[in-house]
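Following the hints, position chain B against chain A.
Note that the protein sequences, when read in sequence, are chains A and B.
Per our numbering, the very first residue in the first sequence carries number 34; after that it's consecutive.
Per our numbering, the very first residue in the second sequence carries number -12; after that it's consecutive.
Derived from the structure by calculation, the hints contain no laboratory data.
Where a beta carbon is used, it is the ideal one built from N, C-alpha and C, also for glycine.
It is possible that part of the hints are untrue.
To be verified - Cβ-to-Cβ under 10 Å is the rule here; a few derived chain B residues that face chain A: (1) Phe0; (2) Ser47; (3) Trp171; (4) Ala174; (5) Leu195; (6) Ser198; (7) Glu206; (8) Trp210; (9) Val212; (10) Ala215; (11) Gly222.
Unchecked claim - Computed list of chain B residues with no C-beta within reach of chain A, every gap over 10 Å: (12) Arg114; (13) Pro165; (14) Ala182.
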Amino acid sequence: MRLRPWLVAVCLLGAGLAPVARAAPACAAEPPHAALVIDKGGEVLRYCVEFPAGRTSVSGIELIELAGEQHGLSYRFDSFAGVGLAVCMLDGLEPADDGCLGTPYWAYWHGDGSGGWIFATQGAQASTVPDGGVDGWAWGGSSTRPEPTAPESVCPAERSSPSPSPTPTPSPSASASPSPKPSPSPPPSPSPPPSPSPSGTPAPDEPADEDPAPEPSPRPANPAPGAEPTPSPVEVAPSPEATPRPTEEDRAAPTEAEPPRPRLEKPAFQPRPRDPGRRLDAVAASREQNDGGPPPAGLAGIAAALLLGGAATALVRRRRRDAER
Amino acid sequence: MSTTNPFYLLPLFAAAWFVHSARRIEGPGARSFKVFVLFGALTVGTRTALVLLGPVNRGSVLAAMLEGLRVAVMLAVFGTFSSVTDSWRILRLTPRRFHEPALAAALALSIAPRTIVAAARVREAQRMRGIEPRRWRALPALAVPVLATGMEEAGTLAESMDARGHGRGRRSSYRTEPWGPAAWATATTAALAAAVFLLVARALGGGLTPSTFPFVWPEASPWLVLAALSFSLPGALRPETRP
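Just chain A, same shape as in the assembly:
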């Protein structure tokens, strides 16, 4: 979104003269902002993050820090000499072993502007998030894309209230109501993620019941295939499972009719990672399938390189013999 200079000037003037002016709806959407999507593999957090004054772009790391300031997102970075900062933990979810570098990790994606994702080729410290951009973090690996998210669904062009509503939603996963409204009766109050229990669930510990849906809403037998969620002004959209996601199979997509399964095969969709270990297992198993040894073209290249090296040594040896003669 390109802003007219005079409009910016007016807004800045207003902000400078009276802080109250910032609350005016006209200016509310004016400061540059970007969307931050954090897909925890069942629960998707979407934040509209405003840039600091005078900035038109931030790095991916800064975007997370700003989301921490503005929306209370918890995070942890580790610095690696010569490589930079790595994102270890977002919203309480982090690799279980090997410090920051465990196998399911936070994969970094950039929005392509129309809801899709492009895998980031640079670290979050080196990347630039422009005004109106989307950054995504998906728990899993390089093949785990975040939920498709259009920028305007997180940062509506005209936000009615200046107070940003992050509303991390305990996504009710399987019980995908096609209407993108917030879930009906027990409203998922925009509670910060580390809150102990989703409203409605009596105990923080998971019940033996495998049903991850926190609300008692009767689930539709068929989650309306092909029902695209219209981007809603409030970013609650519980993402109907009808939207095809490439990693759905990897994460052991929940099936409706299935009875409770043994614990280890529990579907990856949970209201919140009460027991991360189990979920890690599921994602790690899917990653190991993807990693099937060195590629044949690479091996052929190495073999050809060895041949070239052998030819080089033979040439040198022959030349030396000729010189001695």
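Same frame as chain A, now just chain B:
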């Protein structure tokens, strides 16, 4: 656009090695490949040792080694270039209107062979005086005269260029050398290989910077591997004899 993918870097290194072995010219520059490969090995070692400043694990060590390898391959290619070319002859192959920038490039490129020559001379002189230059203690005794010789040569070169009217807009007296078939073939294959590498990498990706956090086998595009290997083709060409 750069790559840390070992499946592309190792063929590139092999191509450089092959071209050096097949096409190196007689003279002091021929040793520059060995010198630069040594520097490259040192780079890999140093870059890997830097990991100790941060968390040490498989991912960070691998990332550091691959970054070091990238620099080492670049050094090897540069060493090959100085060992197979006579920078003054290259200067004569450049079109006349690019003469001044080409002269600057040739001067810069000739630093490596000139330094090697100077080092060899100083070592010989030391040996004649009974100093064993293989010891580490002899390194300062080697470095200072080499640097002094380099400064001296640069001064002499500047004076001689000034005397010949360089940098004053006058026509130089250099005669350009015509491009023969081998020169054309070398330039064409190298340009083609580079173009294929860049275009394919841009269009199809190909894992130029593989992930090491966590380690997965880097992908390898056959096109990119072929392009990297085809840089060795000039080594199989017959050289031109100087007219």
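For each hint, the structure was consulted:
1. Phe0: This interface hint holds because 7 Å falls under the 10 Å limit.
2. Ser47: holds (5 Å)
3. Trp171: With a minimum Cβ separation of about 23 Å from chain A (threshold 10 Å), the hint on B:Trp171 is violated.
4. Ala174: violated (21 Å)
5. Leu195: holds (8 Å)
6. Ser198: holds (6 Å)
7. Glu206: Given a least distance of 6 Å, the restraint on B:Glu206 holds.
8. Trp210: holds (9 Å)
9. Val212: holds (4 Å)
10. Ala215: holds (7 Å)
11. Gly222: holds (8 Å)
12. Arg114: At roughly 23 Å from the nearest Cβ of chain A, B:Arg114 sits farther out than 10 Å, so the non-interface label holds.
13. Pro165: The claim stands: B:Pro165 keeps its Cβ more than 10 Å from every Cβ of chain A (closest is about 28 Å).
14. Ala182: Consistent with the label, B:Ala182 stays out of reach of chain A, its closest Cβ about 19 Å off (over 10 Å).
Figure legend: structure checked against the earlier numbered hints; hints not met, in rising order: 3, 4.
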